[in-house]
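**Q** Letter by letter, the chains look like this.
There are 4 protein chains.
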Amino acid sequence: MSSEIGKNLKISVFGQSHGRAIGVVMDGLPAGIAIDEEELYKFMSRRKPGTSRLSTQRREEDRPVFLAGLMDGVTAGSPLCAVIENTDVRSGDYAGLADLPRPSHADFTARMRYGEAVDMRGSGHFSGRLTAPLCIAGGIARQILGQRGVYVGAHLLSVENESDEPFPLFPTPELFAAVADRSLPVIDEAAGARMAAAIEAARAEADSVGGVIECAAVGLPAGLGSPMFDGVENRLAAALFGVPAVKGVEFGAGFAAAGMRGSRHNDPFVIRDGQVRTSKNDAGGLIGGITTGMPLVARCAMKPTPSIGRKQQTVSLSQMAPAELEIKGRHDPCVAVRAVPVIEAVTAFTILDILMEGNENGIT
Amino acid sequence: MSSEIGKNLKISVFGQSHGRAIGVVMDGLPAGIAIDEEELYKFMSRRKPGTSRLSTQRREEDRPVFLAGLMDGVTAGSPLCAVIENTDVRSGDYAGLADLPRPSHADFTARMRYGEAVDMRGSGHFSGRLTAPLCIAGGIARQILGQRGVYVGAHLLSVENESDEPFPLFPTPELFAAVADRSLPVIDEAAGARMAAAIEAARAEADSVGGVIECAAVGLPAGLGSPMFDGVENRLAAALFGVPAVKGVEFGAGFAAAGMRGSRHNDPFVIRDGQVRTSKNDAGGLIGGITTGMPLVARCAMKPTPSIGRKQQTVSLSQMAPAELEIKGRHDPCVAVRAVPVIEAVTAFTILDILMEGNENGIT
Amino acid sequence: MSSEIGKNLKISVFGQSHGRAIGVVMDGLPAGIAIDEEELYKFMSRRKPGTSRLSTQRREEDRPVFLAGLMDGVTAGSPLCAVIENTDVRSGDYAGLADLPRPSHADFTARMRYGEAVDMRGSGHFSGRLTAPLCIAGGIARQILGQRGVYVGAHLLSVENESDEPFPLFPTPELFAAVADRSLPVIDEAAGARMAAAIEAARAEADSVGGVIECAAVGLPAGLGSPMFDGVENRLAAALFGVPAVKGVEFGAGFAAAGMRGSRHNDPFVIRDGQVRTSKNDAGGLIGGITTGMPLVARCAMKPTPSIGRKQQTVSLSQMAPAELEIKGRHDPCVAVRAVPVIEAVTAFTILDILMEGNENGIT
Amino acid sequence: MSSEIGKNLKISVFGQSHGRAIGVVMDGLPAGIAIDEEELYKFMSRRKPGTSRLSTQRREEDRPVFLAGLMDGVTAGSPLCAVIENTDVRSGDYAGLADLPRPSHADFTARMRYGEAVDMRGSGHFSGRLTAPLCIAGGIARQILGQRGVYVGAHLLSVENESDEPFPLFPTPELFAAVADRSLPVIDEAAGARMAAAIEAARAEADSVGGVIECAAVGLPAGLGSPMFDGVENRLAAALFGVPAVKGVEFGAGFAAAGMRGSRHNDPFVIRDGQVRTSKNDAGGLIGGITTGMPLVARCAMKPTPSIGRKQQTVSLSQMAPAELEIKGRHDPCVAVRAVPVIEAVTAFTILDILMEGNENGIT
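Chains as they are written, first to last, in this note's numbering: chain H, 63 to 426; chain P, 63 to 426; chain L, 63 to 426; chain S, 63 to 426.
Every clue listed holds true.
Pairwise CB distance ranges (calculated):
no.	chain 1	residue 1	chain 2	residue 2	range
1	L	E262	S	Q381	52 to 62 Å
2	S	S107	L	A96	57 to 67 Å
3	L	S341	S	E267	17 to 27 Å
Okay, the calculated bits of chain P under chain H, using three or more residues with CB under 8 Å as the criterion:
no.	stretch
4	165-171
5	269-280
6	350-360
7	369-379
Straight-line distance between alpha carbons at most 35 Å, and here's what the computed DSBU-like set of lysine-lysine pairs gives:
no.	chain 1	residue 1	chain 2	residue 2
8	P	K390	H	K342
9	L	K69	S	K69
10	P	K110	S	K69
11	S	K342	L	K373
12	H	K342	P	K110
13	L	K390	S	K342
14	P	K342	H	K110
15	L	K69	P	K69
16	L	K110	S	K342
17	S	K390	L	K342
18	P	K373	H	K342
19	L	K69	H	K110
20	H	K69	L	K69
21	L	K110	H	K69
22	L	K110	L	K373
23	S	K373	L	K342
If you're looking for bench data, these hints aren't it; they were derived computationally from the structure. We put the beta carbon where it would ideally sit given N, CA and C, even for glycine.
Construct all of the structure, not just a fragment, from the sequences and the given hints.
**A** See below:
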């Protein structure tokens, strides 16, 4: 198991949903950077459950406590460790799940991987709750990026069959902030209302829905990243697939590019404000693994929450026989909603890691 | 730059399109494994250019020479190095490109990354030709996997608007072999004919087309991979985005999952031949980063070849002014065709790397 | 900064001497392993200060609290996090040190590395106190190794000019235990008394002394490790130099081998109990980076504690002028004493990491 | 197996002594740097065998051929691959060694590690010949460092019981050059004559001798490296133990520090030329893993060549019975002699890797 990622800035996540605490170690942060804890907490609140009918009703305080690496609000250069204590735990809801793996849930694969020794109440280390430490790391990275003029934002591009409008060619930090303030993080509030209705309809039928999250980063210089296996796509994809429920990652036109001709897909170069830019951005700001200087645009496909209230077909592992399962407990009808800041967070700390790359050309 | 990937089996690629040779080092191969060089060469031939009107007319011999690590056809345990000499080089075709970056090509980003010092004739290290060493590594990995009952295959799922049928629930090694033998690697030959027509039409108009490649691996045990950042998806995506022109990677239902409800997306568990399986496979054989024992299914979106014969808008870097560009030279109208074995290769060596993982539970 | 090491088992240390807590994350531990917390605490007590006149009089409870990864005393497979709260902190002792770097202490290099932003009271992250988390990780690794018949032990081989006898050709777990139980971890108690006297003499003169620690591991199979850069020596040395005050690492005859002829240094092979062994062990159980099956023997040179009570010559960084310094506070007159279990700990988790290596030959 | 090292600059070595070629891939070199091939070849000549009676009489041309990454003598930014063809191979000398492992040679451990499949003629991948690719990498790194005012040099500090004088407090590039030009790389030629006599005496008795190599790097800034596991010592030691026959590595006073008191060992800070320096350098230029700005000083203990002409006791692996062995073939009576440039090379590419570190504080 490796719940760790990063080369220059290493993010190491720990915790189980029903253990004492969850948390994160960030190794490689610059020293002497002021971190606004209120801003961090505000960012983290965006993934908190219980804030609307569209998410699970569990209450989590999720206020990080800094054990190390932050002195008087300033990074110390040494590894930062922040934890969140687990308080609201009702493990009874998960009793009996050990023998009946939930369809499309990690119960079964965790059992195959770790054996019966592993406590999977509330999904253990696979729990969506582990996205809170990701948000601590990403929230801190966002602040450091922001101090350098790099901004990361995301919105819910679609839920089931309802779609928000895509990011404009040049998204602004102001747009990111406006989206983040909405109860549903969308650009077009009318689209948001339709999405909310779709989520509510699924919940009413004890079902769930998937969605797509679109994430952008602006302010990145051209020339960031490396070819082949060390490109921005490689690193971002490796990180984004670490967010539970992500089943696809694409950049720029992504899968739509496969249906295009080159004459349509190619982004013409233009001069804009004395800089080389492109007149459109089907590349998503990335060519050959390296940033073009245009906004970086990524999209993540989020599968529907596997935990649904409906009766489902499964097997009894002890009896190796068919069985029926009815999942109780509180579950988000659409994990994509709360995953929006998580995708932002993972994008932010990955970009910061890449920005901290030792540029071999810079050693002169 | 890091043209290297892998944890237990490290793949390190070197070469420029117009240098002396291109090649690969594989560090971590098991010792004492017989490699069938003819089979390897046959595999590599699948990506060779010049075999049909659908690909570029360059002739490359691409027969690997083993400098180290293979003694009398058997792996020596020490790092393997194989090279392919560059012979058919017409760098004149690329003259003058230095100043006029080709739209959606790595010319511009390479310049921003490495400065003017870098020789980008034929795209240098970014060239599609560097996929030949990937095929050496993958072809060797495929043989080792095959000896252990794991088979990897891929087909061209779509080209522009024409689609092949998807892999069946349980693809077989025989199906993989049949697909590989066809001039266009498809399951449904009628679909293949339509795809060929679409490619030919694009070529006739000095244009290019994109496509989607579907790749599957069968014979993998359940329980392979690790949660969060060390899952099979994370590692495969990081590797697959190393193949030029890949703009999206998805597993199982992928982006389609985002439009589904949980009740439809969840794969019911069933008992089959005494094993826990699922009755469908929208998970693509992966839940929580770990294999389920069902076939692993990945899909890659390939953008259209950026080098097209049509006149395109670009800029002169020396003059920082708009310019027009007409690309000469020989180019595949659809990179997705020859990328099919490359995707297989990258999937194969990544899976072998994961299979070689030290299983912490195995130390008892 | 990277306070992290390991490939299969990753050890990530965090904390400053004067922060809220110090701790460690272990990522990659096997699941389902019972950890005896009392035995762990007993192991950790060996490095605790304040137990004799030979070490600093600070009192630290150093009882680890497990935040994650250990459920009911059994490893969960997911990352383990254990912390120790900082309680006895007298930062006043360190006031004014910021401007006057202590000779041979990390004050100056930390300032050059991190700038003035870093709080170096009590040496911050460079503090010897950070060896407590190393002992948590090593103590857990020792238990897992012991369950598999691998035992690690160390003793104080020398202090200043006084020497203990070296480990015998085949040290036993019983010898390791006997040494660990002594107030000074030595084999020959008479030698121990002389060492204690040397330490006491130095302390009485407001001075400090260095020492050598010899560490051995028994029960390792032959054939462990890899050639060139992934050998057991490479990995152990990289880890051991992470222990503060280590200035040299050698294996087997080490530096003495440089003064020998081959006819004397070479270890003749013999058959012993049906196994290939050597009749002596100047190789220290390692040839070409790989274990021979003989006991692994490493030695670490520990410099004298840089913090001494005597007046020393330094410079004022603010004035760039010569200055005198008199260090107050409580300091071990010989860091080598308390470092014995730390060296054991680091050796233990490094060996466990190597034992968990995916053996490429094992994939068949 | 991992014959690879480095984080920003990755060095990957391949080859067996009796294969087609040996070589190295350097991934991460800056682009646009002119490499003087004659200077490189001159550097490599220092480790060439057959230049004096003090080394083996094998003749190797060892002229590297650049397959990739170097265009018209300038680095291309993409991975550099250089190879040396194996020409003078007399594998008959090694016949029969498979069953009778040579004492203190990697024959036995390689067999335990890789099984009988591995061809160990001439020690295969463990051969000292593999130090030639290390010298290619290090020779290139030396040139890049030299362009930046950083110089690395080494000398033979001792052979058996004969010693050269140690490096002065501030070694100069001129001293490095003078030492390198001597037939035996020493500072004091009279000492060199005594060493030569000791080597010759051992050879005359069909024996071998060990030695110590002292290596220094000047021109490094203060503040390079990171604490705990990412310090300069950790990285250098991990690399230096990759050189065959190294059994110990120490920095500054090293093992001698263990016999000192703090009042003697501590290096007083002084102001020198407006910089903070120390009046002596028992720290070897490194405190807490970080450079002080004083010269970096490392020492490596080299064991005597294990291949000696005398009759030795070993075992027959096939019969598991005692046996006698007489090694034929041409062997260096003192590997330390030719290892001097190798230690320089490994030190050089490791320092370059560290210099290329992304400095987190530099992202502001």
